[in-house]
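Enquirer: One-letter residues, chain by chain:
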Amino acid sequence: MSQGRSPILELNQITKAFGGVEALRGVDFALHAGEIHGLVGENGAGKSTLMKIIAGVHPEFSGRFVLDGKETRFRSTRDAHAAGIGMVHQELSVAPDLTVAENVFLGSQPTNRLGFVQWRQMAREAGEQLSRFGIDVDPMTRLGDLPIGLQQLIEIARVLFSGARIIILDEPTSALSPPEVERLFTTLHKLRDDGTSIVFISHFIEDILRVSDVVTVFRNGRKIAETASADTTKGALIEAMIGRGGEALEHSYTDDLMLPQPGGGSTVLKVDQLSLRRSLQNVSFAARAGEVLGIYGFMGCGQLELSRILFGKLRPDGGTLVVDGAAKTFRSTAAARRAGVALVPESRRAMLFHQEPVYKNISISILERISALLLKPVRERAIAQRQVEQLQIRPPVVGLDLGMLSGGNQQKVALAKWLTYPPRLLVLCEPTRGMDVGAKNDVINIVRDLRAKGLAIIVLSTEPETVLSLADRILVLKRGAVVREFAGEAVSKDRLLEAA
Amino acid sequence: MASSDSATSPADHKRPRGLAPFLRSQMRNIAPFLTLIFLSGFFAIASPSFATIDNLGNILTQVSVTGIIAVGLTFVILCAEIDLSIASIANVTGIAVAYFTLQESYVNIANIPMPGFAAILLALALCALLGLVNALGLTIIGIPSFIMTLAMMQIAAGVSALLVRGQIAYKVPPLITTLGSGSIGGIPWIVIVAAVMLLGGHLVLTYTRFGRYVYMVGGNREAAEFAGLNVKLILGSVMVISAVCSGIGGMLGVAHFGSAQQNEFDTYLLDSIAAVVVGGTSLFGGRGGIGNTIVGLFVLGVLNNGLDHVNIDSFLKILIRGLILLAALVINVYAQRLREQAAE
Ligand SMILES: Nc1ncnc2c1ncn2[C@@H]1O[C@H](COP(=O)(O)OP(=O)(O)OP(=O)(O)O)[C@@H](O)[C@H]1O
Ligand SMILES: [Mg+2]
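Protein chains in written order, with my numbering: chain S, 1 to 500; chain W, 1001 to 1344.
Just to be clear, a hint being listed does not mean it is correct.
[Claimed, not checked] Cross-link-like lysine to any residue pairs, in silico, SDA-like; alpha carbons within 20 Å at most:
1) W:Lys-1232 / S:Thr-329
2) W:Lys-1232 / S:Ser-332
3) S:Lys-376 / W:Val-1244
4) W:Lys-1317 / W:Tyr-1334
5) W:Lys-1232 / S:Ala-350
Rather than coming from a laboratory, the hints here were simulated on the basis of the structure.
Bear in mind the structure is a predicted one, so any value in this text is a computation, not a measurement.
From just these sequences and the hints, can you work out the full model?
Expert: See below:
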């Protein structure tokens, strides 16, 4: 394919360490014009770090960086931008307080001769770009008011249409619904055919195989393999990623799966006729001890709102919540926590303290239990250490600032904070988003463990695989209403998609 | 190319160890300290009367009232809120404690004299109540603290005006007189009170669960809520703490100045905010603390006092103070950015 030609971007022997943590060790990487290059690897393998080097986020590293045949070094993201490199970061990096239009043009607003921003032109062009990408929103709405998936789409659109010739997408699909993913792939193929080079990082191996021409596998800061996508399989890639047989972890859920007969666990949560303005309509269901209830639906189906109501962050317009037999109207998240409800939301930014060490992130929800007035740092660290080991969070150092962990490991920290004193009802939004195959498996095992301990667990996800791999019973939510329940019967990815 | 970047063993997981990143992440603490050393050095050279033990005592006394008020304000700013009513609340509390004390016959105020301890308790209750109103406005109604405390600034000034009606009161309870203007073993009581309150604030912020919550709410309010913290309770508490600290500062201030009257504390609003911010506590919340505030107080104290020792147009002094404050704000915002980069 691209073998004969010389690459437009070539990295040689790249090594990068953060203090004592070696994130990259002598990595070679080449990108050709008109190629989609897939990148896979476990959490913390160094994928994002390499991409951040290319995008000028990390100016300090050792090794050779050759762009267009010339050795170069970016001092900042601005340099990279000027060289035609655009990146969508794993963490949303939009400005929630600006309008959609401003976000689309972030840093390059059209101005008139006097330097004033040309609002009307900007809104019109933003609207056109977004609708080309199938997004239909008023460009003048505040971005933060939109659902997170839509924010992600807008950020992707911004980079795709910025005119960059090298585009890096770090786990761009984690919050997208299947049709949106399709649209993204079509656009990527079109851009590639026009000569743009694209790097695509994902933990969805099938997506990688479908969309990319070449795949590179990372493990532990090293490049393990690079092959043409056509010449490899999911199993082979997983094996390369984790360094052992991948068959056990490979499961595509295309075949029917038999859900167990509903058990006789006591009812922990009963939701009756819940409604919230335009988001939820008369939603009723029950969650039982020792059972995982999956709630599946496309983005915007009301899942997020539902989870917020269960945790006292949103107040419903109508309907009742009964927890352990007592009717509840939660006035605050603190009240919900005291009633034994715990929530792990889908957005890492919203649930973690990036500037604080890992142990403070883990102990925050249980401080009340371990200290009356004075803090007990030793105890706190010990508890955090135990969780870090149990969940195999890497690096296993509780004193490290959370921002220094890789995305998937941060996700585990978010879960860890509820595990020391398990709640009665655990609500998980997108619990495996951004996790590698191995870590997903870890989460599945943790959830099964908790279920065995008698917790009632609700898993909300827009990924059919997540729900199928975890749930004993599945509700399908569509435009704020429960449209289907799968219990004690056969279910598959297709059946779920069909119902939603 | 940073060679220190790659020369470390993989087994050793520590914080970034290079000196440059460390300094960058510590910018917020280092810059105010350097400013303090620089200013002290400058004035020591410029004026022989500056660097003396006596003058150190002066500086300490001069920053005491600001220090007491700044303790509570530090809590508020750590939560990424602001309290603009501190000076007015200090003023009204100082006036209230005089209002409940028997004045000399020539003072023409229709006041309500009562025993000293009752006067103090009533004054404290008043400032706590005003703080509570701030708290309720912020948390229950959802008025931004900037606006809410702006209104409170006016309300407290109004109550002051009604109590003294343009008159001046002189007497406060003996305990307040002692703490405000007395001294023990040559050390003014007011310095001791300020030191104790600063220490207390530091202990609360560093070693208690509440202190941890203050930092967490300031660091990421949404995450704090998702962790099941009662964010409103914490925000409300810091507003009350701030008002009570201001009230104490006001009572002692009145004793220190020797009189209670309208608009007596006006300069303390800016001074207290400046002390906290110049010290390096982040305006975005979650970073900083009483240690920073103490350094900020000294920077301000040295600056105000030092300018008196050198021959400078007293009107120019105001401008200089403004410029120093601006520089500190720039550093404050810049330090935040550097820290974020260091964490990248
Ligand atoms: N700013 C930083 N400071 C310190 N360590 C860091 C920093 N960024 C990344 N690391 C470390 O470098 C390693 C590689 O992280 P990176 O983010 O590149 O992983 P990743 O392959 O993108 O993983 P994920 O799939 O979880 O996103 C991890 O061990 C991580 O803890
Ligand atoms: Mg990553």
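Enquirer: Okay, which hints does this one fail, numbers in order?
Expert: 3, 4
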